Amino acid sequence: MPVASTLKVLIVDDQNSVRQMTRMTLEELGISLVHEAENGVSAFQTATLQPIDLIISDFNMPEMDGLGLLRAVRGHAAIRKLPFILLTGRGDRELVVKAAQAGVNNYLVKPFTTAILREKIEQVVGKLT
Amino acid sequence: MSSFEQLKQTFFDECGDLLQQIESGLTDIREGSHSDDTINAVFRAVHSVKGGAGIFGFEHLVGFAHVFETVLDAMRSDRLAVTSDNVDTLLASSDVLTDLVAMSRAGETPPADYGNECRTALQQLMGGGDEDVVADDGEAAGDFDIEFTPVQINLDEGIAGEQQFEITFRPGPEMLRKGSDPLNILRELRQLGKLELTAETDRLPVLSEIEFDRPYIGWTARLETTRPQAEVEGVFDFVAGDCELAIVNTTPVPALDIGLPAPAAGETSLPSVDFAPPIAPEAEKPKAAAAGTRASEPGEKSAAPPKAAATTTRVELEKIDRVVNMVGELVIAQAMLGQIVHELPESVSARLQQTLDEVVHHTRELKDSVMSMRAQPVGAVFQRMPRLVRELSAKTAKKVRLEMTGESTEVDRSIVEMLSDPLTHIIRNSVDHGIESPANRTAAGKPEEGTIRLSAGHRGGRIVIEIADDGAGINPERVLKKARERGLVAPDANLTEDEINNLIFMPGFSTAETVSDISGRGVGMDVVRRNIQDIGGRISLKSERGRGMIIQLALPLTLAVMDGMVIRVGRETYVVPMSAMVECLRPPRSDIHDLVGTRGMLKLRGELLPIVDLGDLLDVRSTEAEGGGVVIITEAGEDIRFGLRVDELCGHQQVVIKSIEESYGSIPGISAATILGNGRVAFILDTEKLYEMAAIQPPPSAMAAAKYDAPAMAMRN
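Protein chains in written order, with my numbering: chain A, 792 to 920; chain B, 4 to 720.
No lab work stands behind these hints: they were computed from the structure. Please note that the accuracy of each hint is not assured.
[To be verified] Footprint (simulated), chain B over chain A, 3 or more residues, beta carbon under 8 Å:
id, region
1, 803-809
2, 862-876
3, 894-908
Predicted model, so just to flag it, every value in this text is computed and none were measured. Note that CB positions come from ideal geometry on N, CA and C, so glycine has one too.
Based on the provided sequences and hints, a complete structural model is requested.
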């Protein structure tokens with residue numbers, strides 16, 4: 792059972808405001824070990840170099856988008872099973888279907904409440920304590 | 004929650020940038036000067052607005068941005084044509100989006116039907132009620148109505164996928180004797196995951212030959228584990244030297260193989276096939292071809308680079324200047340270090356020298372990089388000129404066309420700034436005095452419209468700017484007459500045409516017979532010349548009567564650091580700019596000829612070249628025997644060469660230019676000072692001025708000119 796205070800989360804979004812907002816919501820869940828990345832390329836580097844337990848990534852980013860990042864993670868032996876939650880906007884359902892095919896663990900539609908975020912994370916890694 | 008409000012502000016600030024990107028991108032598309040990336044960038048920007056708006060709960064903004072983005076998505080995947088009507092709708096949508104952001108920022112809730120007209124127009128572009136466009140409103144916040152089962156992961160099991168290894172392990176003969184038991188290793192291996200072992204007994208000898216402390220059996224193992232390979236290898240750490248070992252990762256490559264996700268930009272985006280790529284490859288060709296035809300048109304609209312966000316950053320000039328200064332100090336310190344190394348015994352200095360050479364190399368690169376940060380295209384100055392020419396030609400009722408090339412040539416910004424006045428002056432002169440009236444031009448058999456060509460380019464460590472016109476050129480008789488009237492030239496002086504033309508650089512000279520509104524107010528070419536010389540540049544001119552004239556400015560690339568040759572004359576040390584040096588040689592005495600009225604001539608490859616003894620000229624006595632020493636052939640202007648006799652060349656180095664003019668005024672023959680490796684100050688020579696000081700002339704007619712800081716009189720051979 793994962794402990795919130797030791798869960799290491801990587802937030803990937805090119806918009807600072809979204810990253811900070813997500814970070815704030817995570818902190819309300821007691822998750823404070825948070826890394827950030829601005830695009831898929833640097834997120835992938837972080838994920839391979841740092842011990843990360845969960846990626847929460849936006850889709851739309853320069854350099855490498857969320858789907859590209861997901862595929863890169865799934866294609867890398869050492870982090871193949873890394874839990875991946877895709878952040879989407881409303882109306883992006885087609886994208887979720889694609890992400891599901893690519894092996895996404897869960898998706899999260901903006902805007903989200905603290906409760907929804909908890910639910911989505913727990914659906915993937917189990918109940919947070 | 005104040006931090007929430009702060010984040011909202013951050014979001015709105017981001018929106019400001021994004022909206023600007025959208026606007027300018029769409030404008031480019033509207034004007035036809037976009038690349039494939041432009042639509043993509045606009046799409047991403049709209050999507051980002053939508054994403055942020057979603058997070059912060061601006062529903063209306065999300066709704067509109069979604070419709071907007073859907074249309075852009077269709078456009079970028081070539082499902083919708085880029086027509087001007089379509090782009091106009093997008094531009095209107097960008098306005099609506101801007102309004103919605105502004106309202107959200109002000110804390111207002113936009114009226115529910117705000118922007119509906121535009122929204123409808125967008126939906127129509129997508130063929131009316133496209134499901135995708137309309138769908139978003141019906142969804143409950145949180146989830147889509149699709150079947151999706153979250154995939155649970157047990158973090159305790161580790162996140163690496165199951166991997167398979169094939170391990171071949173053959174203990175060496177010494178292993179048991181050293182106290183390592185192969186069985187322990189196999190047990191350890193078993194703890195990592197699922198292990199299948201096969202014993203290899205082929206090396207087992209007959210019983211009588213078995214030594215009890217020698218292992219004969221080897222194993223082939225197949226391991227399925229979630230642990231990383233390093234951990235598997237770690238098991239064998241203590242026996243690695245005593246066994247044959249091979250660990251091969253035989254994990255089947257996952258079906259979804261995107262190749263090695265090299266973290267390089269560009270290669271990694273959207274590797275999928277089915278997901279609409281930004282632009283389908285087939286669609287790229289016609290567009291590229293279209294861009295090609297555009298490129299051939301005049302103007303700069305072709306090949307507009309995609310407006311990349313955040314690839315540049317603004318830095319205060321002062322900060323860069325500080326780095327420039329530090330680089331200067333570094334160059335001096337390094338020269339001092341070089342001096343010290345030089346004085347050490349060779350056994351010590353050899354290795355030190357190697358490292359120092361590297362430092363020198365890096366410093367040079369550092370200098371170049373910093374200088375390139377300060378560099379600016381001369382276009383910054385050039386772009387003011389078309390307007391000037393337009394105004395002037397209107398005023399003078401002449402027809403003048405300005406052609407510019409090489410605007411992108413880069414030069415230190417301080418030089419760009421100083422260029423403005425001289426260029427303005429020269430171009431004024433060209434329009435006012437050079438180009439004739441349309442009637443006169445027609446009479447002379449030239450096209451009615453005069454042409455001024457302004458060009459810039461790099462040439463041998465300098466930037467050369469040329470202003471050429473096809474006007475009347477200089478009228479030598481008129482110039483000579485004026486010069487005589489003003490007493491600038493002795494009445495009986497016999498000057499060549501080139502010398503006469505160069506008289507216009509003399510102080511107080513103005514050729515316009517009537518002082519016109521535009522030029523000829525006494526601020527003449529002499530001021531231009533002084534401005535150019537003040538920044539270490541040279542100005543020269545060629546005129547052909549009736550055909551036009553060319554003025555050429557040769558300027559240093561930077562004002563801070565330059566390559567110099569350190570030389571010695573007597574007990575003094577000087578620096579000659581490398582850019583002014585052509586060659587160095589040690590001529591035999593027999594090649595130096597004394598000719599009456601000269602300071603000596605050097606016979607070089609069959610030509611006679613005037614030479615000047617630097618010691619004599621600067622009045623620092625040379626200790627060297629007469630005729631000895633080294634002759635440096637230097638350039639003192641276009642086509643002007645002469646030899647400078649010095650005692651010794653001490654070495655080539657980068658020198659930091661320290662201006663002395665502020666403290667000591669202008670010193671003839673000296674352009675600036677520098678600090679050498681030994682901490683002493685050395686003067687940097689101005690070869691052009693030295694040439695003038697030496698007053699090397701074809702004897703003896705034009706002597707009078709020398710008195711007036713005469714221009715470089717051409718000495719042609």
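Hints versus structure:
{"no.": "1", "hint": "803-809", "verdict": "holds (count 6)"}
{"no.": "2", "hint": "862-876", "verdict": "holds (count 12)"}
{"no.": "3", "hint": "894-908", "verdict": "holds (count 10)"}
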